[in-house]
Amino acid sequence: MNFTQMLTSIWNARMSLLAGLENTLLISLTAIALGSILGIGVGLVLTYGGMISRFFVRIYTDFLRGTPVFVLILAAYYMLSVFGWNLSAFQAGVLALTLFCSSHVGEIVRGALNAIPRGQTEAAKSIGLTFSQTFLSVLLPQALRQMLPTWVNTATEIVKASTLLSIIGVTELLLATQQIISRTYLSLELYLFVGVIYFVLNFLIEQAGRALERRVAIP
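If you read the sequence shown in the UniProt record's numbering, its first letter stands for residue 1, the second for the next number, and so on.
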């Protein structure tokens with residue numbers, strides 16, 4: 001098959017590919033956003049929480065970080081129904097990726113906060129700042145500079161992990177591509193095409209992260 005025929009086949013399947021891409025973007029952005037928010041809370045507890053709360057959050061973090069994403073997705077989809085939580089495949093997939101993301105972001109936040117001298121927290125307390133004010137105005141801006149490179153890596157991992165949701169029937173970009181391949185038998189061409197799309201998505205995330213790093217860098 002020549003290049004023109006390949007482009008024609010891709011064009012004919014454009015709506016399915018676009019629908020799969022839309023699901024991939026929605027899954028990834030939702031999991032990254034929710035996982036980052038939850039991860040900040042996890043990192044705060046690991047850094048400033050009491051002994052008991054740190055113990056349970058540490059178990060949560062280590063368990064999720066040590067469990068393959070594939071297993072988390074299957075557990076969210078099949079095991080939660082045993083407890084009466086009947087999630088759709090899409091919801092279960094987003095939940096699994098969100099929890100996985102939060103465990104990694106939590107460790108990133110913990111490491112960044114621990115790198116900030118404690119004297120800065122004490123100085124903020126001495127001028128009457130509350131903990132939330134101290135975190136938002138003093139700690140977070142400094143921690144952000146250290147968190148960004150690793151957070152970007154986590155975000156790209158979530159995009160790549162979204163392909164695993166095809167196992168439970170979520171029609172994201174990879175499953176949409178496989179469905180088209182089953183009709184056209186253009187496996188090499190379509191896998192190469194979708195690989196380029198994933199590369200572009202992760203490249204854009206990396207470039208956005210670098211731009212943000214430059215913005216928050218100390219002059």
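Accuracy of the hints is not assured; some may be wrong.
[Stated by the list, open to error] Label pairs and their in silico Cβ distance ranges: (1) 137 <-> 179: 20 to 30 Å; (2) 137 <-> 191: 41 to 51 Å; (3) 169 <-> 126: 51 to 61 Å; (4) 116 <-> 53: 14 to 24 Å; (5) 22 <-> 62: 44 to 54 Å; (6) 84 <-> 18: 53 to 63 Å; (7) 22 <-> 188: 48 to 58 Å.
No wet-lab data here; the hints were simulated from the structure.
Quantities reported herein were computed from a predicted structural model and do not represent experimental measurements.
Note that beta-carbon positions come from the ideal geometry of N, C-alpha and C, so glycine has one too.
Here is what the structure says about each hint:
1. The given range of 20 to 30 Å is broken by residue 137 and residue 179, whose C-beta atoms sit roughly 50 Å from each other.
2. Between residue 137 and residue 191 the beta carbons are some 48 Å apart, a value that agrees with the proposed interval 41 to 51 Å.
3. In this structure the supplied range 51 to 61 Å holds for residue 169 paired with residue 126, their Cβ-Cβ distance being about 56 Å.
4. At roughly 21 Å, the beta carbons of residue 116 and residue 53 sit within the given window of 14 to 24 Å.
5. Separation of residue 22 from residue 62 is about 34 Å and departs from the stated range, judged on CB atoms against 44 to 54 Å.
6. The beta-carbon spacing between residue 84 and residue 18, approximately 36 Å, falls outside the hinted interval of 53 to 63 Å.
7. Between residue 22 and residue 188, the C-beta spacing of about 25 Å breaks the proposed range 48 to 58 Å.
The earlier numbered hints that this structure contradicts are 1, 5, 6 and 7.
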